[in-house]
Amino acid sequence: IQLTQSPSLLSASVGDRVTLSCKGSQNINNYLAWYQQKLGEAPKLLIYNTNSLQTGIPSRFSGSGSGTDYTLTISSLQPEDVATYFCYQYNNGLTFGSGTKLEIK
Amino acid sequence: QVQLKESGPGLVQPSQTLSLTCTVSGFSLTSNSVHWVRQPPGKGLEWVGAIWSGGSTDYNSALKSRLSISRDTSKSQVFLKMNSLQTEDTAIYFCTRSYYYVMDAWGQGASVTVSS
Chain A
1 IQLTQSPSLL SASVGDRVTL SCKGSQNINN YLAWYQQKLG EAPKLLIYNT
51 NSLQTGIPSR FSGSGSGTDY TLTISSLQPE DVATYFCYQY NNGLTFGSGT
101 KLEIK
Chain B
1 QVQLKESGPG LVQPSQTLSL TCTVSGFSLT SNSVHWVRQP PGKGLEWVGA
51 IWSGGSTDYN SALKSRLSIS RDTSKSQVFL KMNSLQTEDT AIYFCTRSYY
101 YVMDAWGQGA SVTVSS
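First to last, the sequence lines map onto chains A and B. In terms of this note's numbering, the first sequence is residues 1 to 105. In terms of this note's numbering, the second sequence is residues 1 to 116.
None of these hints come from the bench; they were simulated from the model.
Coverage of chain B stretches by chain A, computed from C-beta distances (three or more under 8 Å per stretch; other residues unrestricted): (1) 43-57; (2) 106-112.
Below are the DSSO-like pairs computed for lysine-lysine, each with C-alpha atoms no more than 30 Å apart in a straight line: (3) B:Lys43 with A:Lys38; (4) A:Lys101 with A:Lys44; (5) A:Lys23 with B:Lys43; (6) B:Lys75 with A:Lys44; (7) B:Lys5 with A:Lys38; (8) B:Lys5 with A:Lys101; (9) B:Lys64 with A:Lys44; (10) B:Lys43 with A:Lys44; (11) A:Lys101 with B:Lys43.
Estimated spans, in silico, between C-beta atoms of each pair: (12) A:Asp16 with B:Ser116: 46 to 52 Å; (13) B:Ser31 with A:Ser52: 17 to 23 Å; (14) A:Ser25 with B:Lys5: 31 to 37 Å; (15) B:Ser53 with A:Asp16: 37 to 43 Å; (16) B:Tyr100 with A:Pro79: 30 to 36 Å; (17) B:Ser53 with A:Gly93: 18 to 24 Å; (18) A:Asn49 with B:Lys5: 25 to 31 Å; (19) B:Gln1 with A:Ser52: 20 to 26 Å; (20) A:Gly93 with B:Thr30: 23 to 29 Å; (21) A:Asn91 with B:Lys64: 16 to 22 Å; (22) B:Gln1 with A:Asn49: 22 to 28 Å; (23) A:Ser59 with B:Thr17: 44 to 50 Å; (24) B:Arg66 with A:Ser59: 39 to 45 Å; (25) B:Gly10 with A:Thr55: 31 to 37 Å.
Treat the numbers as computed from the prediction; the structure is a model and nothing was measured. Beta carbons are placed, not taken as given, at the ideal position from N, Cα and C, and that holds for glycine.
Go ahead and model the full structure; you've got the sequences and the hints to work with.
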């Protein structure tokens, strides 16, 4: 399964509601996770099984979707959210999306 | 506290073999799987392969012919060996713990450069 993330670059203001998209080439059956990677660091798990929040992750992060289309939402963007976000599917093989780089406007 | 730490040579010559070690703590290799994921400079993440809690392995089909993953449970270590390295294999190599295919803990990564 190939994953297409959009946009590749997103610029938003502090406090904005931000939505990142991940589209699969086939049905993912909700076996989708989201990772946050800050510059020079390892990826960090944010969301798994489409909408389950990993322990310790702020509640401003949420996930949704079904079938081939999935979304990561940040309800109120904070400066520390600057990072690249990757989606990852584990329904059929294991693949990552190409990432969305999120910056502060 | 779950921890993973990669170690290995930072520089490998083309056509040579890469050997990396992932030393884990805070969990058992017989209860969790360990995956390797790599990231070329400035690019995205690529799943390399995994060793499951039972000891079986799975590999990225594009790398399978060059790749071997093994473990020593007594030392809490997982090993990656990749032969016939090319410049395209230059990347940061991460080892990760997985629970039901979800990679929930990552090592800091080992930078590998393939160059003569």
